[in-house]
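So the sequences go chain by chain: H and X.
Residue 293 in my numbering sits at position 299 of the first sequence; the count goes up by one each step and never skips.
Residue 308 in my numbering sits at position 314 of the second sequence; the count goes up by one each step and never skips.
Keep in mind that the hints are not guaranteed to be accurate.
Note that the list lumps identical chains together, so a pair holds whenever it fits in one copy or between two copies.
Stated by the list, open to error - Mimicking DMTMM-like on lysine to aspartate or glutamate, the simulated pairs with C-alpha atoms at most 25 Å apart in a straight line are: (1) K165 with E291; (2) K150 with E287; (3) K58 with E90; (4) K276 with E98; (5) K58 with E185; (6) K150 with E291; (7) K276 with D251; (8) K276 with E15; (9) K276 with E90; (10) K58 with D251; (11) K315 with D328; (12) K315 with E183; (13) K21 with E4; (14) K40 with E15; (15) K40 with E90; (16) K55 with D328.
None of these hints come from the bench; they were simulated from the model.
Protein chains: 2
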Amino acid sequence: MTEAVMMSVEALQNRVLAIFERAGLNKIQAAALAHVIVAGERDACKSHGIYRIEGALRTVKAGKVKPDAVPALAPDDGSAIVRVDAQGGFANAAFELGVPALAERATRLGIAAMVINDCSHFSALWPEVEAVTARGLAALAMCPSYATVAPSGGSKPLLGTNPFAFGWPRKDQPPYVFDFATSVAARGEIELHRRAGKQLPEGWAIDAAGNPTTDPVAALEGAMMPFGGHKGSAIATMIELLAGIMIGDLTSPEVLDYLGTTILAPFHGELIIAMSPEAFAKGRPGDPFARAEVLFETIVGQGARLPSQRRFAARIQSEAKGISLTAAEIAQLDALLAGGLAAVN
Amino acid sequence: MTEAVMMSVEALQNRVLAIFERAGLNKIQAAALAHVIVAGERDACKSHGIYRIEGALRTVKAGKVKPDAVPALAPDDGSAIVRVDAQGGFANAAFELGVPALAERATRLGIAAMVINDCSHFSALWPEVEAVTARGLAALAMCPSYATVAPSGGSKPLLGTNPFAFGWPRKDQPPYVFDFATSVAARGEIELHRRAGKQLPEGWAIDAAGNPTTDPVAALEGAMMPFGGHKGSAIATMIELLAGIMIGDLTSPEVLDYLGTTILAPFHGELIIAMSPEAFAKGRPGDPFARAEVLFETIVGQGARLPSQRRFAARIQSEAKGISLTAAEIAQLDALLAGGLAAVN
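From just these sequences and the hints, can you work out the full model?
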């Protein structure tokens, strides 16, 4: 049995990169995937860490994502829309290609949008909004998912868990960032309750007949509920409209029809909106970045957390001392590196 | 005693316009205010109907809004930001001035933003997102309020009830529109519980010491809670950042400091983002407007409502048969028309 290991962020990056290249991904796809997966592990965000490697490779093995895709940035058409065609590859590589153009456009025009089309999407959105904030811009990001959530007052799965993320740049420290599912809970949490034989909290789900249930098995056959009642349901619907229909890509029910399963990474598009606080605040009193710090201090000063605070604390630890991986995790990485796609269930 | 009356939308518009002009508002301010107030009454949205006239006039009487302000549209600077200086008047007149420029910019660039600065804001946001959808565009609108809501995990009022609104244009029928406070309940609802001697539902509020309370009196001395726990709290914080700080205008705590009360209309700014589905969907398969109809049909088909459905049903009634006003409401309108600002408490 391999021993538990303390691995530097860079060493883990190289290991994960090698796994993806061994499985047949080209350098562009492998590097972008390794980057977000290692970022998750580094930030102690285990649900988006190395645990995700197998899901990404399972999608490759099923032929539902192109491992050798080369994303294409459309030429500047004079508008505020930056378009990246992921060419059937992962969203992450397409995002990395487009973000300099998005930042240039938003800095020049004040507000701009990036559309990613025809991509496979399986990562959190916070690495993307963080990348935009690193260029001094505020960012909004959203995308559909698979139809597993009923609209408020409805009885059947229609909406996705549709993540919604936002970032605001801060000087000399990590940005203000939130990134959450618009469902009340993640599907994985319901699965964990099922395995543990535990009832769900009230309000999480409905059964196949549309009745409220606390039974995780009935919930998995039924639908999850949006967060915050009709308000969260409205936001999830907005995400279908803006980041599915408006950008000419699949909605959550169309994704599920296309894949026929929720164990592969969903195939759809993504919308990122970037705004320049400097451009917006121009000619107005006060420095927006300094004023935002006053707001954050007041939040923290009354005992509330800023979102992502725990993640940023873990990042400091990981960068100083490395990332701790269990013997089982190391064995899994070794098996994937040795076996490539054949090692994927 | 005056009898109950059925009044046409146009007749009510003229009556409310006359009240505002009698109270000293110039034509621009009076017409824009009458428009949104009559729209509220027409849509059976009583909390934003003629009941609001007195609050608007109270703010004029207190010298916290300029009744004769002439909003100013900044010249096109080649960016995607349309700026309107409300010059200390109501937001509504500034919005009406800026909306053609916003629509032109969003149609041309795909996405654009309108910033309204130095305005008094007391109306719902749905009349504004509806006006943008009437030009074939999707719209997001948001603004701060007064600090009456504690951040999730916090203990004191900091955030406003910060409304968040969205609209999507539909052909030959009213748009898809939502508009909600990011607090779990409106302050007025807590006041109604107090008057009725009823306890609040759990989760609505905390007392002055930061502990959860169901006592409406303790809640009014403490703080309201955001909707949807930490997720709603994050959205309300985002609104402070984007529609307060980024646009160089007041945040909710600054509004409350400036006014010293919550009985006057808050003075701050507003952010509206407009997007062209035609521009975004260009070159992609499918017509975004037709695809959106499929989504709406599926929502309604499973027994869920679309937001604003009740409001649009009331609108059809009002436009066909007029608006029913009680004798007390007519008497109040008569008193305001006869007395002007002197009739305002």
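Hints, one by one, checked against the model:
| no. | hint | in the structure |
| --- | --- | --- |
| 1 | K165 with E291 | within (14 Å within a copy, 47 Å between copies) |
| 2 | K150 with E287 | between (43 Å within a copy, 18 Å between copies) |
| 3 | K58 with E90 | within (21 Å within a copy, 48 Å between copies) |
| 4 | K276 with E98 | both (17 Å within a copy, 22 Å between copies) |
| 5 | K58 with E185 | within (24 Å within a copy, 55 Å between copies) |
| 6 | K150 with E291 | between (43 Å within a copy, 13 Å between copies) |
| 7 | K276 with D251 | between (47 Å within a copy, 24 Å between copies) |
| 8 | K276 with E15 | neither (46 Å within a copy, 35 Å between copies) |
| 9 | K276 with E90 | between (29 Å within a copy, 23 Å between copies) |
| 10 | K58 with D251 | within (13 Å within a copy, 56 Å between copies) |
| 11 | K315 with D328 | within (22 Å within a copy, 75 Å between copies) |
| 12 | K315 with E183 | neither (30 Å within a copy, 52 Å between copies) |
| 13 | K21 with E4 | within (17 Å within a copy, 66 Å between copies) |
| 14 | K40 with E15 | within (22 Å within a copy, 62 Å between copies) |
| 15 | K40 with E90 | within (23 Å within a copy, 49 Å between copies) |
| 16 | K55 with D328 | within (19 Å within a copy, 75 Å between copies) |
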